[in-house]
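Q: Given these sequences and hints, build the entire structure.
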Amino acid sequence: MIKFKKISLSFLAIFYFSSLVGPGPKKALATIVFDPYYPVYVNQEKAVILYDKSSGKETLIISPTFQGSAKEFGLLIPTPTKPTVDTVRSDVFTTLEQITSPKYYPYATRGLESFSGLSLSQAPSKESADYVTVVETNGVDVYETSILEATNEEALAKWLKENGYTVPNSADFVIKDYIKKGYFFVAAKIDTSALGPFVEGQLKNGHINPLRIVFESKNLFYPVKITGALLAESINPKPRLPSNPVVQEENTKVTVILPEPQPSPDRPVEIPTPYPYPYPTPFKPSYVTYTFYIIGDHKKELPGFSTMYAGALKKESLEKLITDENSNLLLSTSDKKFITKLTKSMNFSEMNNDLLIRDAKDNEPVGTGEIYVENPTRLVLIVATPIILEALVILVILLRKRKKL
Amino acid sequence: MIDVYSPPLRRLPYLADFDFVSVLLLVLFAPLAIFIVKLALSKGSFEEKLEVVKKSYLFAGSFISLIVFYLVLADLINIVINLLSGNFSTVLTSVLSGGLSGYGTPSFETVAKGLSYRVSIALVFMPLFAYHFIEALTPLKTQTQDLTTLFKILRNLYLWMIILLFSIILLGFGIGLINKALQYALGVKGITLSEIAAPLSFTVPAVLFHILHIITLKKKENHLDRTLLKAS
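Those protein sequences? They're chains A and B, same order as listed. If you want this note's numbering, it's the position in the first sequence, counting the first as 1, plus 409. If you want this note's numbering, it's the position in the second sequence, counting the first as 1, plus 1196.
Any given hint could turn out to be false.
Here are the simulated DSBU-like pairs of lysine-lysine, each with C-alpha atoms no more than 35 Å apart in a straight line [unchecked claim]: (1) Lys1250/B to Lys723/A; (2) Lys813/A to Lys1309/B; (3) Lys813/A to Lys1348/B; (4) Lys813/A to Lys1376/B; (5) Lys567/A to Lys813/A; (6) Lys729/A to Lys1414/B; (7) Lys1416/B to Lys812/A; (8) Lys1385/B to Lys746/A; (9) Lys1414/B to Lys812/A; (10) Lys746/A to Lys1250/B; (11) Lys810/A to Lys1245/B; (12) Lys462/A to Lys724/A; (13) Lys1416/B to Lys813/A; (14) Lys1416/B to Lys745/A; (15) Lys1245/B to Lys723/A; (16) Lys1414/B to Lys810/A; (17) Lys745/A to Lys1414/B; (18) Lys810/A to Lys1415/B.
Some chain B residues near chain A, calculated using beta-carbon distances under 10 Å [stated by the list, open to error]: (19) Tyr1266; (20) Leu1269; (21) Lys1309; (22) Leu1311; (23) Ala1318; (24) Met1322; (25) His1328; (26) Ile1330; (27) Trp1356.
No lab work stands behind these hints: they were computed from the structure. No residue lacks a Cβ here, since even glycine has one placed at the ideal position from N, Cα and C.
A: Okay, structure coming up:
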C-alpha cells in the first residue's frame, strides 16, 4: 500500500520525505510520491540579505513558507563559513514590505501563492555519521537547528537520512560540490515540542519567525543550487531506493515492493484524507519565486531579476525593523543603508549556480517616488544659467538704451 | 492575479485653476480689445491707424509672451524644487498597462527632457516679452493730442489689468503658500516640500511680474504728471 502525501519545496530547502517512513531510521523508507489529485502550489521564497563589505559578514534572514505538515518541514542551507543561527521577529518582513511598497504603478505581478515541501520525520539522532561533524545543535525558537560540517556527501546523506531527512540521489553532486568547497550546512526543522496547528498555521502563511544565519563570505551570495536539484527531482521523482526493498522480476518488468509502514505509539500510520471535490488540476511547478530584500551600502542587482524597489533606508524605517521582544534593531539608526528588493521566478534549470549579488551601476531609486539626480548643483546651473544670462543681457541693453535717451 | 496599486488621480492646483484664469482674462481684456478696435476705426491718417495697429499687436504680443513666460517659469521652479527636495510627484495621464492611469514617478530622462524644453521656451519668450513690453510702452511717434491721450489711457489700462491679474493669482497661490508653509512648520503629517513647491512656484514669478508692472506704471504715471506739469 502506498500512501500519498503532499510534496512541496521550501526555498533553500530541501528534503523530501514520504509518509511511508516508519517509526525508526532503520525502517525508514523514502520515496517520492506525488498526489495526482492534490494541487501543487508554486514556491515562494523570501529572504533579507544584509552584507557588510568591510567585515565580509553576510546575514541571511529566511522566511520559510511551507504548505505541508509542520513535522515534515526542514531546511538545509549551505554557508561558506561556520554560521551562527538564531531567529528574528516575523514582522520584519511585513515592515520591509511596507517600506518597499512602490510609490508608483508596479508592473510586476504579485508573487504566486507558495507551496512547500520537504521532509522530515523524527528527531535527529545524537550521533553523527563518520564524516559528518555536528558542530552545534540548538533549539532556536520553534526550530531545532544543527550546524554540520561534512567531508563526504554520502556521509552527509547518511546523517540526514538517520535524522529523518531524505535527499534524492540527484542532489548528491550538488552537496558534493559544497563539501569540496568546505561549506558548512545549517539543517533546521520544527522542534517536536512545538508541533501543532499553531506553528503549522504560521508556517503555511509565512508568519513563523524567520531564521537568521550569520556567516562570513567573500561575496554576497544566496544558495539556490540545492533548490534547483530538488525542484527538478520534484518534477521527475526518482526515489532513493530503500535499503531493504523486495525486488521481483517478471520477464522484463521490475517491480519494487516497498515495505508497509509499521505503526508506532509516537508515529501512527496516517490515514489518507479524502480527496476534495471537485478534484483540483494537478500541477507540478518548475520554478520558485524569489523575493530578496538586500540591505547594503549600495544598490544591488542580479541578472534577470526585476528591481521592484531601491532606495535609501531612512531613520524612521530603520526604527521599525525590530528583531526581538527587547526592541533590538536589525540595523543601527546611524547606519546609512540602501535597500533593494529583487524578484524573479526561477526555473530549476537556471539554478545551476548560487546567486552572486553584485553592486548596481548607480544608486538610482526605483519606486521611491524620487528621481535620482547624480549632481543636483550641475542640473540647477544648467537650467538657471542661460535664463539668468539672458536676463542680464536684456537688462544691459535696456540700461544702454536709457543712457542713449 | 495582478495586484495593481492605483491611487486616485489628483490634479495639480494650477490645472484646476486654469479654467478660472482663462475666464478672468477674457473678462479683463474684452474692454481693452474693444478699445483698440475703436481706436483703429477712429478718424485719423493712415500712419496713425498703422501706429494703433502696431501698438495693438505689441500689447497683445507682450501679454501672450508674458503669460507663456510666467507659466514656463512657474513650471521650471516647481520641477527644480521637487527634484531637489527628493519628493517628486507628478500626474501621469497616459494609459498604463491594464488601462489604468494614476500617479507616476517619471524617470530622470523624462524630467530632463521636460526641463530642457521649458528652458528653451523660457529663453525664447523672455526676450520676446521684453521686446514687446518695452516697445508697447514707448510713446507714440505721432504727436496727435487725442491719440496720445488715448494711448496713455490704453497703456495704463493694460498695466493695471496685468497688475490685477497677478494680484488675483497672488491671492490664490499666496494664501495657498502661506497655508502650506505654516502646516509644514507645524509638522502636519503628509505636508512635504513637494506640497509647498506648487504654490511657491506660482507665487514667486507672480510677485516679480507684479512688481515689474507696478514700477512701470508708477514711472509712467510720474512721467505723465511731469509732462502735464510742464505743459501747464
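Q: Would you mind marking each hint as holding or not holding in the structure?
A: Results for each hint:
For the proposed pair Lys1250/B and Lys723/A, the alpha carbon gap of about 60 Å is over 35 Å, so the pair is violated. Pair hint Lys813/A plus Lys1309/B does not hold up; C-alpha atoms about 41 Å apart against a cutoff of 35 Å. Distance check on the hinted pair: Lys813/A and Lys1348/B sit about 23 Å apart at the alpha-carbon level, within 35 Å; holds. This hinted pair does not check out: Lys813/A and Lys1376/B have alpha carbons roughly 47 Å apart, beyond 35 Å.
In summary, the hint linking Lys567/A to Lys813/A is not supported, as the alpha carbons are separated by about 103 Å, beyond the 35 Å threshold. For the given pair, Lys729/A sits about 60 Å from Lys1414/B by alpha-carbon distance, which is inconsistent with the 35 Å threshold. About 17 Å separates the Cα atoms of Lys1416/B and Lys812/A, which keeps this hinted pair within 35 Å; it holds. Of the pairs offered as hints, the one joining Lys1385/B and Lys746/A holds, with about 25 Å between alpha carbons and a cut-off of 35 Å not exceeded.
In summary, the hint linking Lys1414/B to Lys812/A is supported, as the alpha carbons are separated by about 20 Å, within the 35 Å threshold. Between the alpha carbons of Lys746/A and Lys1250/B the distance comes to roughly 64 Å, so the proposed pair goes past 35 Å and is violated. Straight-line distance between C-alpha atoms of Lys810/A and Lys1245/B comes to about 27 Å, which keeps the hinted pair within the 35 Å bound. A threshold of 35 Å between alpha carbons decides the hint, and for Lys462/A with Lys724/A the separation of about 21 Å falls inside it, so the pair holds.
Between Lys1416/B and Lys813/A, the direct Cα distance comes to roughly 19 Å. Compliance with the 35 Å bound is thereby established for this hinted pair. The straight-line distance between the Cα atoms of Lys1416/B and Lys745/A is roughly 59 Å, outside the 35 Å bound, and the hint therefore fails. The suggested pairing of Lys1245/B with Lys723/A is violated, with an alpha-carbon distance near 68 Å, which exceeds 35 Å. For a cut-off of 35 Å, the pair hint linking Lys1414/B to Lys810/A stands: about 20 Å separates their Cα positions.
A hinted pair counts as satisfied when its Cα atoms are at most 35 Å apart, and Lys745/A with Lys1414/B does not qualify at roughly 56 Å. A hinted pair counts as satisfied when its Cα atoms are at most 35 Å apart, and Lys810/A with Lys1415/B qualifies at roughly 16 Å. For the restraint placing Tyr1266/B at the interface with chain A, the shortest Cβ-Cβ distance is roughly 13 Å, beyond the 10 Å limit, so the hint is violated. Here the hint on Leu1269/B is kept, as its CB sits about 8 Å from the closest CB of chain A, short of 10 Å.
Here the hint on Lys1309/B is broken, as its CB sits about 12 Å from the closest CB of chain A, past 10 Å. With a least beta-carbon distance of about 6 Å to chain A, the hint placing Leu1311/B at the interface is held under the 10 Å criterion. Residue-level restraint check for Ala1318/B holds (minimum Cβ-Cβ distance to chain A is 5 Å; threshold 10 Å). With a least beta-carbon distance of about 6 Å to chain A, the hint placing Met1322/B at the interface is held under the 10 Å criterion.
Taken as an interface hint, His1328/B does not check out: its beta carbon lies about 12 Å from the nearest beta carbon of chain A, beyond 10 Å. The beta carbon of Ile1330/B is positioned within 10 Å of a beta carbon in chain A (closest approach about 7 Å), and the interface hint is therefore held. The interface hint given for Trp1356/B is broken, as the beta carbon of that residue sits about 22 Å from the closest beta carbon of chain A, more than 10 Å.
Checked against the numbered hints listed earlier, the structure breaks hints 1, 2, 4, 5, 6, 10, 14, 15, 17, 19, 21, 25, 27; every other hint is satisfied.
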